[in-house]
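**Q** Here the protein sequences come in this chain order: A and B.
For the first sequence, position 396 matches number 447 in my numbering, and the numbering has no gaps at all.
For the second sequence, position 186 matches number 237 in my numbering, and the numbering has no gaps at all.
Think of the hints as simulated: they come from the structure by calculation, not from any bench.
Take the hints with a grain of salt, since some may be wrong.
No copy is singled out in the list; a pair is fine if it fits within one copy or between any two copies.
[What the hints assert, rightly or not] Each computed DSBU-like pair below joins lysine-lysine, with the alpha-carbon atoms no more than 30 Å apart:
| # | residue 1 | residue 2 |
| --- | --- | --- |
| 1 | K218 | K349 |
| 2 | K64 | K324 |
| 3 | K210 | K169 |
All values reported here derive from a predicted model rather than from experimental measurement.
Take a look at the letters that make up each chain.
Protein chains: 2
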Amino acid sequence: MFEVAELGHKIKKSDYEAREPELRTNLLLLQEALKEAKFPVLVLVSGVDGAGKGDVINQLNAWFDPRWLRAYAFGVMSDEERERPEYWRFWRALPPAGQIGLYVGSWYSRPIADRVNKVISDAELERNLTRINAFEETLVDDGALIIKFWLHLSKDAQKQRMTAMEKNPATRWRVTALDKKHLKQYDKFRRVAEHTLRNTSTGDAPWIIVEATDTRYRNLTVGQHILERVSARLQNQPEAQAPQPHLKPIVAPEVGDKVSVLGNLDMSRHLPKDKYKRQLAKYQGELGELARQARERKVSSIVMLEGWDAAGKGGLIRRIIPAMDARSYQIISVAAPSDEERAHHYLWRFWRHIPRGGNVTIYDRSWYGRLLVERVEGYARQEEWMRAYAEINHFEELLTEHGIVLLKFWLHITKDEQLRRFQEREQTPFKQYKITEDDYRNREKWDAYEIAVNDMVERTSTEYAPWHLIEANDKNYARVKALRIFSEKLGLALDR
Amino acid sequence: MFEVAELGHKIKKSDYEAREPELRTNLLLLQEALKEAKFPVLVLVSGVDGAGKGDVINQLNAWFDPRWLRAYAFGVMSDEERERPEYWRFWRALPPAGQIGLYVGSWYSRPIADRVNKVISDAELERNLTRINAFEETLVDDGALIIKFWLHLSKDAQKQRMTAMEKNPATRWRVTALDKKHLKQYDKFRRVAEHTLRNTSTGDAPWIIVEATDTRYRNLTVGQHILERVSARLQNQPEAQAPQPHLKPIVAPEVGDKVSVLGNLDMSRHLPKDKYKRQLAKYQGELGELARQARERKVSSIVMLEGWDAAGKGGLIRRIIPAMDARSYQIISVAAPSDEERAHHYLWRFWRHIPRGGNVTIYDRSWYGRLLVERVEGYARQEEWMRAYAEINHFEELLTEHGIVLLKFWLHITKDEQLRRFQEREQTPFKQYKITEDDYRNREKWDAYEIAVNDMVERTSTEYAPWHLIEANDKNYARVKALRIFSEKLGLALDR
């Protein structure tokens, strides 16, 4: 597939000078228009050594207005990065809507290098590519425009480029021992790159191979292509935003008995006070000890609490924390997103707060808002929440593969019990602030929420991150059950 | 000074149980009111080992609604933290306006521990405390409420607490070898702590010493004190926001010749084209080589460009970057702050983007906006920009002390030259977008800006971070001069 980029494309200096000012003007106008758009643009500049990836980035930095542009590079991982899933660094480096991110090096760099250097097998490369496709699809589905350039040089051209650079004192330093090693690996690199490009050139994010022998041709081609792709996308926005007709909403079965995961729970479960006190102390003690070990061994856990209003999330949190060292946990309550968060994919705000190794993070509500309140209230369009099942499963897979212990609890109460608790809250001074008209409004949509919860549990209960349904009509029973599960799972993870 | 906290304060269980629900209700109501306030609250919980710092944090986490609360702890520095000034981690951990940050460990922890362990001298401790005071003053001046608790135990009480914890299997793990070492160092620790508290107990951020022998007394005291301080501040807000009468605006001398740093520049300086080309290539080459060395040695630089509209900041940036590896620099153009940024001190957004070691960061406009556009346009109140001189000097001191090479350029052009360039821009297709009515409006305020610039240069040109004034009526001259200075200063820093 690289043959198309070995044809000897060239642009004369005079032609370049005639065309460059117009291109530059258009790129600046484009950027002005983009600022108002509700999507980000990612420009990846990859390719063989010596093809001028850095020069292209420098040229783009000079053509564009740097105010709405940001270049990202990924060096050796910092320890903060190593303590989180690999994709954390990429999520950190996403441009907000209306802006352009330039990538010199990207999520492709490590897998390609690792395969060339035999650090990973063909099967592992494949797995990496699947991951890349899922990542890019997540972004594209959300509206991002991803433009991927591969700058190509033939083996001879690469050799010549290096020799020329070595002769020039000003550029000699750029030719490192590593580059020479890479030149020797040219054939292998080409095979791995070809395989990678073929398997990640999707309809939504295709690769553009650019012949890089002639720098004028290379730069003009890159600039011109960005201009065309972004312009097309700007003119085409409504289409990308329209609902996708092949997606159908998920509805509960309409015939037969109402069978659902929530319906199957035994809501009469309870725990007498004396047993509760004993078991609470027992599991708090266990958890404290396990959390301490986890901290030493840098094993993180995420405890995620979802449930009906007044199901007892706050009370459960207050029972978890006495067991813990105040230095080792944080509680994240999910409120309305900030404007920076709104300018990114909805998962971005959760990636942002992935803790460093060894911590316990307790979420009071979570990314599942997409599948619950956003679905039921219509804040997310149907195709947005429909694809969120897969996005969330993928997200959680990355977390758990990294070794994070992920516990997802649904605290379930009956509709009657909720009413009782609302009324009780209205009588209790320090609980009154918790109860608002919204709570009663949400209650009216109980059935719609129930369908959403059932769908959520069915579609996001995975082997690596199952839902734990907690019968919570009796608070004592619920608290002990959740603490016990947390303790067991953390213990298992530490035994591994 | 710790004697007041060795009097044997105690609260009976029945009294505690009678008072706690009301305190809790009030804390929740307080938090509700705080959400609307335009200031953050910082609660530091410090003190001797075994005094229950973590328990207090856990209790506050249980009393408050965790949604508007965040606990911060500072462990061993990550490499990302080590590559930046020490205060970066503290600036990262500031709550936004309307929220409460709880600190278990803080900017006090390292200096106190280092002095006790003789890692630093008395003089160095003093220096650290001065720094702490400057940091807290910066936050308080901006409206933050800082509440600092010191939990105290007498030597005997500390010993008893440890013995009791060791006897209980559930808490035994909490008593580490380190704690035992600390017990031995009790007297020394007490002396250092007393000195620290005395010298950082300012009117704006006083220390509160709490006797911690009785946990009920300790917790109730802390909760009650937070309630009182935040309530008082909420009722008192207008006063804190009022202009401070002892501050006087800085004005240019009104008699005699108009003498100013800008007025003294020789604006006729220029560089012929052939010399320009030669020198540009020379300094670009030097810079490229130096930036490469700096990257290897993790020496960062910050190049900050300020200047009149159309003074040539963009053109200079385009002349700097061809020398650089695209992986080693980033350009940050300062646009309007996001809502997260607006909810913090104005310097927060700049701390946020301090680069990791070895990078070049180019600022197109900077934190000096506070002293220029915000002053002239009245976006900042007088006392805000008046205190910004000291805040910025302090900020830059922390940067340069960490080894960051900080270059501040003011690109100066005359009023006539600016008009000529505006008109030229209007004729050039790819420059038209740059020229707006705002530019002409700003031009009308030339004199006010000139006063602001003169004040800025005089008051923020420090030994560690001097201003470099660039005569920029001739672009060639300006570019070469700036590149030469950058190259020289970076070279000097690498020679050290």
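**Q** Compare the structure with each hint and give your call.
**A** A quick look at each hint next to the structure:
no.	hint	result
1	K218 - K349	between (49 Å within a copy, 28 Å between copies)
2	K64 - K324	between (86 Å within a copy, 21 Å between copies)
3	K210 - K169	within (23 Å within a copy, 58 Å between copies)
Every hint, counting from the list given before, is met by this structure.
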